[in-house]
Amino acid sequence: MSSAEGGSALRKTGVPDEDDVARVMPPLEYRQRGPVAVFECFERIPCDPCYRACARGAVLPFADINDLPRVDWSRCNGCGLCVAACPGLAVFVVHEAYSASGSLIKLPYEFLPLPQAGDDVTALDRQGCPVGVGRVVRVQTPRAKTGTPVVWVEVPRSLAHVVRNISVLPAADTADAVGDSVV
Amino acid sequence: MEGFEGEPIAAALHAAGIRVLRESPVLGRPRGFFCAVGNCSSCLMVVDGVPNVRVCVEKLRAGMRVERQKGKGELKWPQSPC
Amino acid sequence: MAPKSLLTPPVMVIGAGPAGMSAALAAADCGAEVLLCDSFSEPGGQLVKQTHKFFGSRQQFAGVRGIEIARLLGDKVASHPRIHLLLDTHVLGYYPDGMVTMESAADGVARYLKARPRRLVVCSGAAEKPLAFPGNDLPGVYGAGAVQTLMNLHGVKPGRRALMVGAGNIGLIISYQLRQAKVEVAAVVEAASAIGGYAVHASKIRRLGIPIHTSHTVKRAHGTRELEGVTVWRLDGQGRGIPGTEMRFEVDVLCLAVGLSPAAELLWLAGCRMLYVPELGGHVPWHDEVQQTSVPGIFVAGDAAGVEEASSAMVTGRMAGLAAAASLDLGADFRVKLEEARLELASLRAGPAGEKIRRGLERLNLGVPASGARGPVSSTRAQASGGGS
Chain A
1 MSSAEGGSAL RKTGVPDEDD VARVMPPLEY RQRGPVAVFE CFERIPCDPC
51 YRACARGAVL PFADINDLPR VDWSRCNGCG LCVAACPGLA VFVVHEAYSA
101 SGSLIKLPYE FLPLPQAGDD VTALDRQGCP VGVGRVVRVQ TPRAKTGTPV
151 VWVEVPRSLA HVVRNISVLP AADTADAVGD SVV
Chain B
1001 MEGFEGEPIA AALHAAGIRV LRESPVLGRP RGFFCAVGNC SSCLMVVDGV
1051 PNVRVCVEKL RAGMRVERQK GKGELKWPQS PC
Chain C
2001 MAPKSLLTPP VMVIGAGPAG MSAALAAADC GAEVLLCDSF SEPGGQLVKQ
2051 THKFFGSRQQ FAGVRGIEIA RLLGDKVASH PRIHLLLDTH VLGYYPDGMV
2101 TMESAADGVA RYLKARPRRL VVCSGAAEKP LAFPGNDLPG VYGAGAVQTL
2151 MNLHGVKPGR RALMVGAGNI GLIISYQLRQ AKVEVAAVVE AASAIGGYAV
2201 HASKIRRLGI PIHTSHTVKR AHGTRELEGV TVWRLDGQGR GIPGTEMRFE
2251 VDVLCLAVGL SPAAELLWLA GCRMLYVPEL GGHVPWHDEV QQTSVPGIFV
2301 AGDAAGVEEA SSAMVTGRMA GLAAAASLDL GADFRVKLEE ARLELASLRA
2351 GPAGEKIRRG LERLNLGVPA SGARGPVSST RAQASGGGS
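Protein chains in written order, with the numbering used here: chain A, 1 to 183; chain B, 1001 to 1082; chain C, 2001 to 2389.
In short, the hints are calculated from the structure, not lab data.
Errors might be hidden in some of the hints.
[Claimed, not checked] Chain B is faced by these chain C residues, among others (derived, beta-carbon under 10 angstroms):
1) A2127
2) Q2148
3) T2149
4) A2263
Virtual Cβ for every residue (Gly too), placed ideally from N, Cα, C.
Given the sequences, and given the hints that come with them, work out the whole structure.
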């Protein structure tokens, strides 16, 4: 499947680059207004559950199921239904001006143990590298056992568009042991 | 050894840390399972004296005797005529 | 209920995975009596171990986990008045007089059964491809699907630390599931120069810190009695390993996710015209637009027709079931339903992600439009409740 809409780096590394992220970033006025969804979806694949999940009509109807999601930002209130619905776990809600020094990120998290509100967790970037500490604000567990939990984590403002995952282990245990030798 | 009634023998063995299931016919190389769905013939063991049992699909029952198969196994034909 | 030893169902479906269940439901909903059999003890095929959420659209259960889809469809086939579900039943062969033979352990006793269906739909799925390298027979070297079966179906951890070969959807998804089972994943290696699976799957595992090494493959697997480590190396432009680029990983599980081949043996036995189509995974039976093979009355659907996705399997299954029932003169009007299925399939295959399938199908002389085909699945909310069976 050579269906790259993202740069060729995405095809090789699996990590969206700055240009990819910039292309899907909601306009500044909406990011300043409150929490808003960021669809890190760069590739045309047949998929439209984000449209079905949105209760506010912010995700526009798909003309072709392979289209990337198109969003009417004026309707998005950052509720996060899309975050839980996306099969690719590619949607995040970001509230840049959440607190004086912190931004809030709502991200999908399908691992056990789930963190709890008040926990400190390691904040990871798109390459799984620890970039700081996050404080868990809330964990939304789905009504149906088969749903996707959504974790709300507060991170320093500078990391609002850097952090896209968490680890509930301390940083030292996070990454797989990089103890492999090169022959 | 213990397992759950009805799970494949290979899963119970795996849970108990046993991954070598038999030895290959010519070179005696250790073999375990590969496909886990009964297609590849890698996991053949002797179960209750019957060889070439695909333990990745054969269900566990209490009291079963499961042995590593060496080589091609030995078929014992029934005494009575078909 | 003990089955008779010679069965004569109007429609027989072999394989109760997503394609087979969809075929059986489609045919039965149109009034046909259907015999549906599967070698496993529960319906669902590969769905029973697929804990990830599906793509596609509502018709193909987008956003629903594979295991849920298996339950939903499995309940429907088990309770349908016109579907006779035979589990623990292994189809042994197909004979020139149209006889299908089976070994059935459905009641706990092994029985030899024969069936002569009027129409046959083969949905036997696909099997994992092996990979050749020194040490590839060591215990601990498993098909990725086997690892998934062990973890998700039997609740057994495959090992402590794994290396994944293959960055198609299967390799990426199972790497994620390994981490969910708390098995470390040292890396994913992919022989091609780009990641073959969906970018979102790749991004998901990169966020876990799992590296993806493209243009790399296994040089050898190490271990005395069991797998202890794997050496990989980089490939040059001609696909040859480059000495000096070796990397060694200390792992006790090596997962091979290097592709699937259609399990099309029954179609060979039935005398169907077979073609070798790399884009579809290997040898596939030729089939027409409604999934009928070159042998009239024999249909094929799901991965046995060409390795694709579960969402496509559900639609090709539905198509085959409709077409099989349509040819039985049951009086129902199938044209609308067949057209709906055709449009749905075209829509699924229309984007860039369907390019390989389209190329493969062209070799069967089945043209599918490359540009986005508007189908009922991508309609506005007002039409959302219609369509599909």
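Q: Hints the structure violates: just list their numbers, smallest first.
A: Violated hints: none at all, because every hint is consistent with the structure.
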